[in-house]
Amino acid sequence: MTVTERQQLSYIAAQAADARVNLEIETEGMTLNIGPQHPATHGTLRIVAKLDGEQVVAAEPVMGYMHRGYEKLAEVRTYPQVTTLINRIDWLGSFANEVPFILAAERLMEVEAPPRAQWIRTILFELSRIANITLFLGDMAVQVGAITPVFFAFRDREHVLNQIEAATGGRFHPNFDRIGGLKDDLPAGWIAETRQAMRKIRNFCDEIEELVEGNEIFQARTRGIGVIPPDVGLSYGLTGANIRASGVDWDVRRDSPCGLVHNQVDWKVWTHPDGDSFARFWVRMQETREATKIVDQLLDGIPSGPIMAKVPVIIKVPAGEAYVETENPLGVMGYYVVSKGDLFPFRVKIRSASFSNVSITPWLLRGVYVPDIITILGSLYFILGDIDR
Amino acid sequence: MSLVPGLVKGLKVTGTTVVRTVFPKRGMRTLMPAPSKGAATVQYPHVKEAPPPRARGVIALHEGNCTACMLCARECPDWCIYIEGHKEKAPPRRAGGKPRQVNILDRFDIDYALCMFCGICVDVCPFEALFWSPEYEFAEPRIADLLHDMSRLSEWMETVPEFEDYESGSVAKKLKVPPT
Amino acid sequence: MSRLSSTDAVEAGAEAAEADAPAVDVEAEALLARLGDALGDDLVESHTDQGAVWVRVERDAWADLAGFLRDEEGFGFFNFLSAIDWMPSPFGRDMDSSVDNALDPPEPKEPDPTETGVAGGDTRFQLLARVNDVTSGRSIIAKADLPADDLRAPSWVEVYPGADWHEREAWEMFGIDFDGHPGLRHIYLPGEFEGHPLRKDYPLLARRVKPWPGLVDVELMPTTDDGGDATEGAEP
Amino acid sequence: MISVLSELSYWQVTSIRVGAGLVAVLLVAGTLVYAHLFKMVSFMQSRLGPMEAGPYGSLQLLAEIGKFLQKEDIVPRRADRFVFKAAPFVVLTSTFLLLVVLPGGPDAWFISNDLGIYLAMAVSSVSVIGILMAGWGSASKYSLLGGLRATGQLIAYELPLLLAVVGVVIQAETMNLQEIVLAQANGEIFGWGAIGNPFIITQFAGFIIFMIAMQAELTQTPFDMPVAESELVTGYMTEYSGLRFLLFFIGEFATAGVFSAIAAVLFLGGWYVPGLDPADNLLNLLGPLVLFGKVVLLTFLVFWVRFTFPRFREDQLQRLAWKFLVPLALANIVVTGVLKVVV
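Protein chains in written order, with my numbering: chain A, 1 to 389; chain B, 390 to 569; chain C, 570 to 805; chain D, 806 to 1148.
Simulated from the structure, these hints should not be mistaken for lab results.
Keep in mind the model is a prediction, meaning the values are calculated, not measured.
Just so you know, even glycine gets a beta-carbon here, dropped at the ideal spot from N, CA and C.
Be careful, since some hints might not be right.
Derived contacts from chain D toward chain B, CB cut-off under 8 Å, selection only [what the hints assert, rightly or not]:
| id | residue |
| --- | --- |
| 1 | Met845 |
| 2 | Leu853 |
| 3 | Thr956 |
Chain A extracted, bound-state conformation (with noise of 0.2 Å):
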């Protein structure tokens, strides 16, 4: 059996997961760790890259360094307690985690949350899609060497996360979402703050696209690298903008709406023909903008009303089996609750996006230059968190 370069690389990188060490393999090329401790993986994402100068003749990902085991710790919760830990699988899109597993949870229950708590909840659910985003706006400049965009991303940013913070106490881990509804209602004055902090997101594209997007060098970094073919980016799972930006139009929010009111709205689902990374910033940076027009349209609309429904408060799931997923910001996200009728979930598969995403890594680095790793990662966007859970 001849062993392919896949296979012999598949092969240190098991070898280096194993003994978690430097390696020191020493053939005709170089092997070079990119990671665990690196500026470029936000996180703890390691990629062996076998290289032959600085062009990677194949790249492997390490991960789990950041692996908590939220599908075993699940099993020991209670459905409240759960949303807890889900938080922090994409932190910087928290609140949108907490939300196909609600969902979930109130497909076997046979809840549905009243009209407002739902408006709130797909506010809210845009918002962190927009402070996530944001993020990736700024951070993708970073990668590709530009350091001042980053610092514009995370000063807006802040608009956001204060809403998400006013409204539901956390910056981060809201925890805001419950059975039925939501923990609370909004404060006085949130709508119009919300207004303003869409209007300041809409100034930051601007700026954005003209520091960054509009940059010839920035162009030349990225258009034409890393492209994914759509039947190669499905079949490997990539979701979200990654897949979009192959120009396969679909999207969660609007193809199977499931507990959140983006039908009620009017808006755009963008895709781009190319497929490389500059496809793929172009299309997250549509999407922002699209974002910040729905919460806009739904801060008009919210109806008044209760924000939960009656549900027990000792809360026990009937026995059943529910897949939820949504179009979180990093791509499809669901959650599939399997119930024995008891105050715990019996078992939690956390489909998450990021994990998908990057597997296609190995097939997308193949013969690309070193800085091109990190423009096809960084494009790619993925948080650890979500890698590992």
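Here the structure of chain A is known, so what remains is to put chains B, C and D in place on it, guided by the hints.
Coordinates of chains B, C and D only, in the frame set by chain A:
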């Protein structure tokens, strides 16, 4: 492609940001540089931003309301609340009445090194003994010092803000913070 | 005020409920019929509920199912692959009131008879996977029983390359071997890790090394036999 | 001033010059770090930068130096110790050598050499050796990649840098930097000599090429692949700590200052102030300040670009150098030469 190269536009963006940061008061024709107003950051120990009233900074305990019912400790996902209590006979409330039996709280510790700030304990408390305070300056140099006891938790009660009004269209009931 | 959902969804967990579900999903039925034709007896059971379709196939047909779904039905999007351990946890829930005597925890119980969920099941371990057709918005959840003494299944990597990492995860977490997988090795856990953490009989140490702080060591309040104002401060 | 110096003995003059050189490098570097790296960039990013050490954080650099000096001087076990330790000094030497040909006033110069700019271009290449030493000696893959990138890049951009200077040399008819300044001071723009003839006007293409090549020589974004934080951690500096890292750091900013000074001399009239007699003794005092002002202006451009743009990829950078800058510089030389002969 526009006529102006993107490179120049980029320089314009950063350039305007410099001007905006240094001369924030543009409308008032003042050319006094005031970067500390124009910057988006504040000089933390000198200037402090006030978190919103709902901010989950630290959990404050209203000692008088706690009955050591253990609900918070049971519901805590991290098992970071430690409660001990005992029963006592209290003098009757009305003259001539029988002595009452009350639960006295001996120990109420929250290990903030473990706490995930999820707020479940505050939610489940049936006696309005736990509240969120936006206070956030309780860092400690040693991790063991983050185990805060009853007296410390009660001190934070003073920093608990009044509950805000709700946005219009809400039918939620506004809660009250008990006086310390 | 309460808006309890009034959908007359079929009772989850009911076996073979798809045939007599009130609102028959025509599209799903047609898909199931085509699957039945393609797989024959290997399609063991199926179930539809609120638009979701579950199928359970024989283990040997696991890869054929993937191939059929992708090539014939256009389910090009690989969503996830995992497994379920249907054995009830022998450790209970670690914080039942019966565990209040934490210093003397009960011995691990004999596993209860395994109950499986939607689309049934005969064995303790069950594979679970989901694929989508993004153009038509259809999706299907596939299951396959795995005999406990021979935990192996055909790999999906040939059909869906994205299954690679998911199968590594299932191998690591449940100990399921995938025939034809290019390299089953640890994905999250260190290489020398022993055991399969997501199996129900794998203890969660975080819950075992520390006593539950929710133990009530205030002796229970006698009922308010002393009359008067006992409501204040009384435990409900 | 020359009269004062001539009365002193050789060693006294030498120590004055060495002292002036140190001040010129370190003070300028410190000011640039504070004004640009700490403050301007912070304002660019809507923050305040250091505010605690000294008024408006002006003593922050001293605090940083104190911090670096306290740190352990780590040498990786498999590093080539001598090469690793010597590398930062080689880089810094190149900076100091660059300085010697710079004139600061009619008489305030270190050496007046007829091959001035030639010498400057020659010694600027010495830093490449230092960087390659650092990259190779560190026994780290990131450092090696960074060192190799630096070498390829610096060699590629030496050429346009040099060719951009040739236009100035043709116009000034000398390679002596002092005389280049005088040529600009005494020059006329179509008979109007009020501000002299700063070569930025006639040699604008040369100026642009020089600035781009300079940006690359200084390994500043968009040409910072050798350090490329997001790819190579910090490239050839990855393994350095404490004092030696500080030397690289000072070297980076001091070189930025010195190169800007060369650009100011070549294209902006150096120490000359329009309206004054170039031989005025006042310019011996005013000249260095004027030059410093011009340096601040040029480094502002350098850092403005640095903190605005993303970085090129190595191959794109080489393409820019060989396919765009070199032909453009050659064309500039041809045009300048033809015009020189014709006019």
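Structure-based check of each hint:
no.	hint	verdict
1	Met845	holds, 7 Å
2	Leu853	holds, 5 Å
3	Thr956	violated, 27 Å
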